[in-house]
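Participant: Protein chains in written order, with the working numbering: chain A, 193 to 357; chain B, 435 to 767; chain C, -5 to 210.
These are calculated hints, taken from the structure and not from any lab test.
Misleading hints may appear alongside valid ones.
Said to hold, decoys possible - One side only, chain B facing chain A, incomplete, derived with CB under 7 Å:
| # | residue |
| --- | --- |
| 1 | Thr441 |
| 2 | Gln442 |
| 3 | Ile630 |
C-beta: ideal position from N, C-alpha, C; glycine also.
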Amino acid sequence: MNLVEFMTNYGGLLMALLGAALATALPGIGSAKGVGIVGEAASGLITEDPDKFGQTLILQVIPGTQGFYGFVTSLIILSKIGILGGSGIEVSVSAGFYIFLASLPIALAGWGSAISQGKTAAAGISILAKKPEHMFKAVLFAAMVETYAVIALVTSIIMITGIQL
Amino acid sequence: MDKLIYTQAISRLKVLETRLIERTKMDRMIDASSAEEAMKILQESEYSIHLGKIKRAEEYEVVLKDELKRIYSLMYEVTPVKQLIDIMSLRYDYHNIKVLLKAKELKTPLDHLLIDVGTIPTEKMKVYLENEDYTDFNPIMREGIEKTLIRYRNDLDPQMIDINLDAYMYKHMVSQADELGEGFISKFLKISIDLINLKTMFRVKKQNKEKDFLETVILQGGILDKDVFMNSLNDSMDNLAQKLSYTDYYNILRLSVEDYLKTGKINTFEKLSDDFIMEYIKKSKFMSFGPEPLLAYLTAKETEIKNIRIIMVGKLNKVAPESIRERLRETYV
Amino acid sequence: MAKLNVNPTRMELTTLKKRFSTAKRGHKLLKDKQDELMRRFIDMIKENNELRKAVEEELGASFKDFLMASAVMSTEYLEESIIFPKERISLDVKTKNIMSVNVPVMEFKREMEGDEGSIYPYGFANTSAELDGALERLYNVLPKLLMLAEVEKSCQLMADEIEKTRRRVNALEYMTIPQLQETIKYIKMKLDENERGNITRLMKIKSMMQEQEQNQ
């Protein structure tokens, strides 16, 4: 079996799986980074003011959503190509490429937005430190970044569901 | 360098910033009926932990010294980059070197003048200088000490000890800042150097010294070139302000020259230059990443200590509240 | 008034009379000296008062400047700046004679005459300009301060001298002179009485002798 044969036989599945993997991995990395940044900022705050633990936790969770969105996208891809819950559908090379491309919006936007959101939330920790009564505004600022992750997620889902196998 | 490494330090400092003494509290201290009353207001602040040590308001220096030490050890604990704090604490190293060199030449112990917040502990510094063993020192510091000693032994002029070491101190600080590669900090130093040079120039003019002398005391490394100062020694104050109208300092120069012509004193310029630096530092209030807030907190704290000293000296000597307020530096919060 | 314990002889009377006239002359001289000393002393006190006021005012102002310098600099920085003076000032003390009182005359000399900056022994970067002002004021008050020390010491010495002179004058006026007067009077009286006694005795002897002659 040469490379061309291999690609024609398994290429579709390969690309679809790559897409699914990226959809989970990149936003996951981003979220981990984002949550990490907020966590660091929060631990600085807690050193001086341990009572604010609950509020810092809310801020810390926010950049975590992208990872979750990526995970959802992966699940949809996996069920579409039949790896999840069944009988392994034959995926043509072109369809594999479609799925791979469809996974990109959430993979890239999720990755970037999670880090940005992490920074925004970490900056929000400063608001929590100085004016705890305005903490909710910090949450709103961070949530604004979420918009683009959601848009990316919706785009990815529409694309995936629209693909004919 | 990665700005994110400062995240934890910054949010910790943001909490500490809320504990700085704000202007209204300072005003209350100024309006207090006595020094003791003013001290009581300090009780409500971070300074309360040191207040147990002293019995009378006259001992306020002990409190301020302890607070300075506390702040530096806190900053060293908080900062992810030691060099950043080193830049600021170098000033105390050079102060200690000056004290020790002078003590050596005068053959009297001056240990009570040492400030133990430098990068080198005072005990170690004492041993090093006694044995003239500078191997552990930074090359710039080492060169500074050696050159100073040569210079001093040449003409036995104690003023040269200060002048020489001041020059090396800023050289050292600038080189550390360059190594760190943070524009904000480099600019902070540049502004400080410029303002010191301007002040020096006013003072040299007032003392009727010559150009040669001015050349030795002007610090290198500011935004304004040395020649600017050298060429304007003979100008009137007014002209000097006009000459520098293209710089950021024009405003404070103009105001201080106005005051100088009225009172013959330079203290307005001193206050305004401290305020100028504070304005610059305040930019970092809105930065959530990077080393700026660390530098800002340290400066804010040092200014606060200075302000408390101004208030306490004023209160203990029954200086009029307006007179104290006039000298009070802009606060960070 | 007590009289001196002396023998009422004619020789003693002559010495006492001599002493009396010396005492009177001394008293007059001392009295004159006292008056002159007083006059000078009053002048000097006036000068002293004026100087003191001026010096106190200037020192007060300098102290205030210093205070403000110590307000904007920490003690350690301030002390470090001025602990090693650049300039040396030598002080020459001579004495001057006013009415036999040796008063001091002070003269000071700066080693670095003509260099106005030499009174500032510190660098510029870490010191406040307020310190310059304080030192300048302090330095400018120095000549007056020395003059004040001079005048004040002179006043003290003169006051001592006046006191001493007055004590002497009083001793002469209220002790020596009355005593001498009394004693002279006493000796005179004693001598007169002796004379009278002698005459009476002689008269008695004469009458006794006449009686004897008649009886023979």
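Participant: Which hint numbers does the structure go against, in order from smallest to largest?
Facilitator: When the structure is compared with the hints, only number 3 turns out to be violated.
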